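Chains A and B, in that order, give the protein sequences.
For the first sequence, position 19 matches number 18 in numbering that gives the first Met the number 0, and the numbering has no gaps at all.
For the second sequence, position 56 matches number 55 in numbering that gives the first Met the number 0, and the numbering has no gaps at all.
Hints listed in this document are in silico derivations from the structure and should not be mistaken for laboratory results.
A quick note: this is a predicted structure, and the numbers were derived from the prediction, not measured.
Partial list, computed: chain B residues near chain A (C-beta under 10 Å):
1) L21
2) L26
3) V32
4) Y39
5) F40
6) D43
7) V86
8) G135
Note that CB positions come from ideal geometry on N, CA and C, so glycine has one too.
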Amino acid sequence: MNDWSAVPWNLVMPLIIIQVLLMVVALIDLVRIHETKGPKWLWAILIVVVSILGPIAYFIIGRKQQ
Amino acid sequence: MNTWRVLWIKEFRESWRSFKLLWIPLLFLFLGVSDPLVNYFMEDILNAVGNMPEGFQMIMPELHARDLLLATTEQFQMMGIIVLIAVFVGTISRERSGGTATLIYVRPVSAASIFLSKWMGASLVALLSALIGYIGSIYYTSVLYGEITFSTALTIIATYSVWLLLVMSLTVALSAAFTTAVAASLAIILIPIGGILDSLLGGYWHVTPWKLARYGVLVTDGTIESSYYWTTLLLVIGITLLCLVLGIWATDRNRRLAAV
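Bound-form chain B, shown alone (with noise of 0.2 Å):
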C-alpha cells in the first residue's frame, strides 16, 4: 500500500512537470468553452466570413442548453479522447521498452501497485480535465442559454468521469499488455471508432459502453428510460474492474518475462 502511494505521488509529479496537469485541462476548457460560444454567435459569424450572397436567408435551429452539452460531450469524445488516449498509451510501454520499467522490477514492489499507480495518475488528469471543461461549458451555456440546475451539471460530469475511468483503464491495460504502437492502434479502434460505428449502427439496441456519455446528459431532463442509463453505467463500471484486473495481470506477465 505504501509503494502504491509512492509510485503515485511519482505519477503526480511527472504529469506536473511535463506540464501534461496544465495543458490537457486547458485543451478540454477550451473544447468546453468554444461550441456554445460559436453556436450563440453564429449567425454573425457566418455574416462576417461568410461571403454569402445577397438576399440570402437561414434559419437557425432553436437550441436548448441540452443541445449545447450534448455538443460539449460529443467534443470532448473525439477530440479530447484521442488526445487523452495518445498522451497515456505509453505509460508502460514506454517504459518497458525503454528500460527503465526493469529499475522498478528488481524492487518488490507488485503489480497492481506499478498498474494502479498509473492509472490512478492518468485517471486524475483525465477527470480534472473533464471537470474543468464541463464547468467552463455549463458556465457559457447557463449565461447564454439558459439555466442549468446544479444537480443536472453534476450528473454529467459524474457520469463522464465514470467513462473516463473505463478509458484510461482500457488505455493503460493496453499499455501494460503490448508495444505503444499495438496499444495506441487498439485503443483508438475500440474507443473513438467504436463510438461512431456505435452511433452508426446503435439505434438497434439500448444498451452499449460508448452510449453512456451521451446518455449522461439524455437522464438529466428524461429524454431516455432511465433503466437503460443505469444498465450502461454497471455495465461500463463491469468493464473498468475488467480491464484493471487484466492491466495488472499483464504488467504481472510481462515482468516475469523481462530478463534482469
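In isolation and in its complexed conformation, chain A is listed as follows (with noise of 0.2 Å):
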C-alpha cells in the first residue's frame, strides 16, 4: 500500500524543506526569548507537533513584545 519510491520526492522535498525551516525557526526564537504568552513547554509542543500552523500561531500570539 505505502508504496515510497512513487512519491515525487523531489517535488515533495521543499514543502517539507520549508515546514521544517519554519519550525526550527520558531524554536529557535522560543529558545532566545525571555518570556512566551504562556507556558513556554506548550508552545514548544504546539510548534513540533502543528505543522505550518503552529509556528505561526507562536510567531503571532505568542510572542511577547518588550
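Once you've looked at the hints, go ahead and assemble the two chains, each given alone in its own frame, into the complex.
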C-alpha cells in the first residue's frame, strides 16, 4: 500500500523543507526569547506537533513584545 | 530625511531580529508552492487517503497554469493577508500603549518620519514575502502545468505588490489612529472580509479595490478588459496615498495629545 518510491520526492521535498525551516526558526526564537504568553513548554509542543500553523500561531500570539 | 532613514533601518533591524523577515516569506513560499502541488497530485492523494468506495470515479477539472496562479493569489488573499495584518497592526499602537513612543516624541522627529518608516518597514516584509511566494508558485506551475512567460509573471507580481502596499498603508494608518484591538478588527473587516463580500456581491460592478489581485492574473491572458484593470490599479494607488496622508495626520494628532 505504501509505495514510498512512487512519491515524487524531488517535488515534495521543498514543501517538507519549508515546514522544517519554519519549525526550526520558531524553536530558535522560543529558546532565545525572555518570556512568552503562556508556558514555554506548551509552545514548544505546539510548534513541533502542528506543522505550519503551530509556528505561525507562536509568532503571532505567543511572542511577547518587550 | 535623515531621521527617516535611521528609523527605517531600525524597523528593518527589528524585522530581522524578530525573524519576521524569515518566517513570513517562508509562509508565503509554502502557500505558493502547495497549491500547484496539491492540485497536480489530487488523484493520488485521494487514492491514498480518501477511502474511496470501489469503482468510484471522479472527473478532475482540466487545470491550466492561470487557474493555479489564481488559486495561489486567493491563498495569499486569505491566509497571507490575515497574517500580515496580525503582525503589523500593532506597529504604532503597541509602541504608544507600551510607552516607547514617547521616547521618539520628545525628539525632533516629524510625524511623517515616524509613520513612513513604519510603513516602509512593514511593506518591505510584505513585498519580499509575496515575491518569494509567487516565484515558488510560478516555478512549480511552469514545471507541472506549462510555460508562464516572464511578462506574465512580472505583471502578476507587480500588481500584487501594489495591492500589498495598500494593505500595509491601511494597516499601519489604522495602527496610528486607534488602539491595537480596534485597528485589528477594522483592518480584518476592511480587507479580508471586504474581499469576501466583494467576491459574493461584486458581479454587479467591475471596479473595486479588492478585485485588483484577481485582475492582476486575469489581465495577463485578456479575460478582462484592460480598462477595468487600469481603473482598479489607479483607484488602489489613490486609496494608498489617502491612507498615507491620514496615517501621518493620525500620528501627528496622537503625538500632540500625548502627555510627555
